[in-house]
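Q: These protein sequence lines are chains L and S, in that order.
Reading the first sequence from the start, the letters are residues 1 to 826 in this note's numbering.
Reading the second sequence from the start, the letters are residues 1001 to 1101 in this note's numbering.
FYI, nobody ran anything at the bench for these hints, they're computed from the structure.
Backbone N, C-alpha and C define an ideal beta-carbon position, used for all residues, glycine too.
Just to be clear, a hint being listed does not mean it is correct.
Derived DEER-like restraints, expressed as beta-carbon distance ranges [what the hints assert, rightly or not]:
1. Cys1013/S - Met374/L: 27 to 37 Å
2. Arg826/L - Val1088/S: 31 to 41 Å
3. Pro280/L - Gly1033/S: 55 to 65 Å
4. Ala331/L - Cys1013/S: 18 to 28 Å
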Amino acid sequence: MSPIGLHKALNKIWATPPGWGRLSAVNHNILGKRFMVLALVFFTIGGVLAMLIRAQLATPNSAFIGPELYNQIFTMHGTVMMFLFAIPMFEGLAIYMLPKLLGARDLAFPRLTAYGFWCYLFGGTILIIAMLAGYAPNAGWFMYTPLSSGTYSPGINADVWLLGITFVEISAVTAAVELVVTILKMRAPGMSLTRMPIFGWYMLVTAGMMLIGFPPLILGSILLELERAFDLPFFDPTRGGDPLLWQHLFWLFGHPEVYIIFLPAAGVLSTMIPTFARRPLLGYNAIIVAIVAMAFLSFGLWVHHMFTVGIPHLALAFFSAASALVAIPTAVQIFAWIGTLASGRPKFDIPMLYVVGFFIVFVCGGLTGVMLAMVPFNSQAHDSYFVVAHLHYVLVGGFVFPMLAALYYWLPHFTGRRSVYGLSIPAFWLILIGFNLTFFLMHLTGLMGMPRRISTYPSNWGWDWLNLLSSVGGFLMTMGFALVLIDIIMQFRFGRRAGRNPWKARTLEWAMPTPAPPYNFVAIPEINARADDLDIDALGGELAGGRGYLAFPRADRQETLGVDMMTGEPDQVIILPQPSFLPLWTALATAAFFLGLLFKVYWIVPVATVAVVILFFLWTRPLGARRNMGAIEIGQGRAVPADGEVKDNVTYWASLSGIAVDATLYASLLFGALYLAVIAPGWAEPLPATNWLPAIALATAIASLALARRAEISNAKGVSPAPMLLLATCVGIATTLILVMGMAIIPHPTSHANLALRFVLLAYCAVHSAVAALLALHAWLRCRGGFVSSVRATDLRVTRVWTDYAAIVQVPLWAVLLMLSGGGLR
Amino acid sequence: MIGKLWPLLIGFCIWAAAFVGLYGLQALGCVWGWPEALHRGVLVGVCVFTLAVLLVLLRWQFRAYTANPVAIDRAGLWLTVAAILASVVIFVPSLFLSLCV
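All chains should be built: construct the whole structure from the sequences, respecting the hints.
A: Structural data, given as structure tokens:
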């Protein structure tokens, strides 16, 4: 087939329908761009809020915005920038770019990408509509209790934050699962882990951090919403709770979050700098070591946000030392980039301007970070504008500048056109000068004692001219961003054609036509060298000519390759789902669930839950096969099985990744229980002993586990697993009911955190028993539909994994219930 | 899958477990009113045990790497070295700082 013929045939298979059909898009090219565009819309909203803040603070005793509205504005500015801009922006970039850098045709779970996008859109929209209606969250972007508890924030505002952000975080968790699985399983043949482009490593570490980092926030939000809606007193010190538990849960997420935002940006820098230095990245292996070390250390810093709450010196020292130490792996990367530039033949272009801006701004932010890691200084600067300056230097320096560089670097990939230079350069200088004018001066206002979050200030404290200049700088920076926006529009309209590889880069994303076709590569390449040092011009021509793997259309199936995680040897053909409206409907049902909770229309919640479950059941209908296909030809004289016929497939690994998320949430809940049992006030009074229903539930959960395992073994021997699965379903439902009964007979769970903890621990285990029962039921339906054989056993493996998990979580449940019955650990 | 990445993860997983353990024991010792000598002895014991485990791991990883030099194993080796250094720097205040004040 001719190259044009191949393109047309593949395009027909991978295309998204026009018109309303666009809402069924699952292709990563479309969804990645939608994520980024929506993130930029939210960035604009966050920027407008920042301008309102700076207008208010430009002069002393300003009456421009009252304190209540100011509280909403600064809360929404932080919330929008962190949750609706930064995280989705890099997710969008990774969704768009990773398959291209790795040599794949799409991500592992295209419909999950679409579901994540809709959750992001709907969750973000709830927050923005609430703000426009005057009900925006107003307790600060980290929502400290007791300010955000029902007593002091009685309206709907805090609920909007807790439920809206949890809704949005669904997209972060789904993105993390699929990025981990895609990076490990869906690379080009021959691309071993150690040949992976460095951006792949950065995103692997980032996605791994997201799996572990987000659950504590989700748990904290659930607990606080339970307290606000149903009066379960986890954070109420008068009833055995502790407000500091919220701070622990929030910052267990919040500090790794800074590195979750920085690492993708650093990955972008590590990808771009070698292109402009015209030499391979210096210290590839050292950078891998540095980012893994950084990921771990970043989880040991969270208490440095809590240095002033009254923690013993020794505990402070652990977190202070870890906070200072994390600068070392950061410095390794900085020196690797400087070394790459110094030893190469650097050429300057627009992206490099922002790279230089990054170096200046981020290094300053890093140094003030080390200052704040020191307890004595932190105690002085805590909650002052110094901290505001530091965090903006780190986040704007470490994320916005690299993302602007990335925008200019990869815009030709989106548009197929080059930049219009007339506006790009003044835009950069306005942003750089405006940013430093705004935020450098905030270090001084902070050191002069100006606390953050005040809506106005008197005129005789020496802060007037600093604030005025900060506001002038803020408006300069905004002009710069406006110019960038105009520049992008100009590039779409007037930019000259860019050609295939305008920067002479050596990474795979440029070995395709631009704008990228929906299938990315006509042929999937064989990689024999490190994948950020390839001869792209030669490779692009070869791939366009169909020299590589899967260079043919087959049975209208969207096919890409799965590989061995370590070696990159192809081991399966992954057949991806076609465009579908199911993600949209599922996200709408999920939205109904959250809106029911938000407006306290609780009858909607179970209805929406059932709708979500039914819709997820429908997701699997087009997947799988009713007969074994055996080895399928993939080109180059090779053949491998379809993904449904191998054990090591992406669905199975996604289940394990999901369990990692879930287990982290459970571990956070156990931490919460132990924390309150050790620290919280008001635990001296005697409380009722636990009932014995959890012990019965543990026995039935183990029976369910045994049945699911038995089903898998029977299936491997060619015996139908259906009866065992039906039995496992029934036993799972029985386990759920027993645990729900256990919850129901806890006396007055609103009276004390001890009883509330028992209630929520039992609820967690009941939900997981229900999930295991549903999966067993689903596997039974798949058996009945003919989708399961001794070879096609993914449904059974997934059921077994979740049934195991539902039983295992009941072991610590029992131990903690006994501990709580004994009145805690004192 | 994660099993094949263990050389990259094992050193810092041990560090993380020790970090959580020390933080928890520091709090429990204060709540339970342990005598200072016992409290500090337990914390220092955990530090020493952690370092010993990490050093044994390092020796084992070094032997595995020299027998079969693979890039992932080399990165794992350096990560264990980093975990040892992190343990020394972060845990050393257990020797001298006030425990419950």
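Q: Any hints this thing doesn't respect? Which numbers, in order?
A: Every hint satisfied by this model.
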